[in-house]
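My request is simple: use the sequences and hints to build the entire structure.
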Amino acid sequence: MPARPVLLTVDDDRTVSRAVARDLRRHYGDRYRVVRAESGADALAVLRELTARGELTALLLADHRMPGMTGVEFLEQAMDLTPRAKRVLLTAYADTDAAIRAINDVDLDHYLLKPWDPPEELLYPVLDELLEDWARTTPAPFDGLTLLGHQWSPETQELKEFLARNQVPYRHLQGESGAAIRTAAGLDDDAALPATVFPDGTVLSRPSLRDVATRCGLATTAGSPFYDVVVVGAGPAGLGSAVYAASEGLRTLLVERTATGGQAGQSSRIENYLGFPHGVSGAELAQRARDQAVRFGVEVLTASEVTAITPNGDGRALSFADGSQVTAHAVVLATGVTWTRLPARGAEEFAGRGVYYGAAAHEAADCSGEEVYVVGAANSAGQAALHFAKFASRVVLLCRGTDIRASMSEYLVARILANSAIEVLTCTQVLAIEGDDHVERLVLSNAATGQTTTVPASRLFVFIGAQPPTAWLGDAFARDARGFLQTGPSLLDAEGRPPRDWPLSRAPYHLECSVPGVFVAGDVRAESVKRVASAVGEGAMAVTLVHRYLEAIG
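In the UniProt record's numbering, the protein residues as written are 1 to 554.
One should not assume that every hint holds.
[Said to hold, decoys possible] As a list, the in silico SDA-like pairs of lysine to any residue whose alpha-carbon atoms are at most 25 Å apart:
| id | residue 1 | residue 2 |
| --- | --- | --- |
| 1 | K390 | S458 |
| 2 | K114 | I103 |
| 3 | K530 | A471 |
| 4 | K114 | A37 |
| 5 | K530 | F477 |
| 6 | K390 | V424 |
| 7 | K114 | S17 |
| 8 | K114 | Q151 |
| 9 | K530 | I270 |
| 10 | K390 | A421 |
| 11 | K114 | A92 |
| 12 | K390 | Q151 |
| 13 | K390 | R171 |
| 14 | K530 | L492 |
| 15 | K114 | Q77 |
| 16 | K114 | Y32 |
| 17 | K530 | V280 |
| 18 | K530 | Q292 |
| 19 | K530 | R257 |
| 20 | K390 | R345 |
| 21 | K390 | L417 |
| 22 | K114 | N104 |
| 23 | K530 | P115 |
| 24 | K530 | P489 |
| 25 | K114 | T138 |
| 26 | K390 | E410 |
| 27 | K530 | M541 |
| 28 | K390 | A471 |
| 29 | K390 | S409 |
| 30 | K530 | W502 |
| 31 | K390 | E371 |
| 32 | K390 | P169 |
Bear in mind the hints are in silico, worked out from the structure with no lab data behind them.
Structure representation (structure tokens):
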């Protein structure tokens, strides 16, 4: 529950300070928290802490005559930290001229003369009116993480995606909207951004994903040196493996570099997944699966990267980027795929600054009223186009082929063609991306007409194929020409024989790769069906084969 708004009173005279605080608590204590300070400097320190924690300050009541910093000077500096708070000066009759000048100098809301007795007549009526106005015009307090950073910063974008996909409540503030918190957190230098400010006031400047994950309470380091099975990758295949493994009594560790869900977790709507007749967002499906895995006892690591898999007796040792290591009887590789980088001039320069690979639901609201360009012609691109069309004024779907039906499900094609906010440009590709600090223009080429056109644009979302993240695996792991991991029958030669360095008398199991005891499920596997349902099925099948493998070595 958010903390009650604060009434801050400042007076160097302890007797007066206590009397003011007493009267405020008597009348407002059930709705507000009264905090007192005995100098302007102390009060500013309190305000910095409150603002950094995201707490609201409703009223500042400062005595004018204080050594070191007058009440007017304090209220002037306090405006940068809590611009919405009502400002009241407590003064003696002799200082009324200074109080009147302060009405203009520091936008003073009111001044009160000492003594204020009886408060029922001279104090509460004034403050009641001010607090009613404050409550009417002030948004409700935010009780989550605050992200400070420029919209067109790749690092800010990475943090936004990480927080959104890991279901961490956050708000992104920039410019004037984040000025008060930046000042309170001591982040005046742009080089300190992006930064995260947590509800308890903790500030992380330019944090790594691992730093943020740890601070948010997400596990990043394994709790045990040994597991029955380690699943690498928490997309649909990895989640399927983890759920089935743990439900069948295997001690299971699930390791993910960023967030559960994989590419499917970024889908705004999945409508052809069994059991969800009205569709389900990728984020919701991923969160349900993660909750299910945790309920069965799966240990989940986030922002954790496996860098090597090597034999270790009958087990397999997995090394992590932080230098730690765990051993498992068996491993399931379900690392999924990454989006192919756009081969256009300027694409790498503007990555994270208007060029985005994949699309999460949190990006759509930022596109309100804009024209959005989407590159791709498969289901992910179609789902993104439909989702962005709910917010953007216009969505342009760029397809290199002659018909989006060649690679997109018919239900998506029908909805796209029926949506007046979506325009499909076939035979079109992006030649170049231009702009200053972010994307401002796209240079498009039409293969059918040979024409080149330049169009204004601020955001381009790319969905053009898949690259398997398998470069980190050693030479012992057989891959096809595109880098996808080969398993089972694809490892056998024309006469049905396994590779020469295969150490076992039996042939590899169906989902087993060229390293015994390591199984592959989902998109990273060569010749797999690139669908959520098939990935979940392969994840479950991998656990069946893990059991068969464990029986053989047991």
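Task: Violations among the numbered hints, reported as their numbers in ascending order - done: 8, 20, 23, 25, 28 and 30
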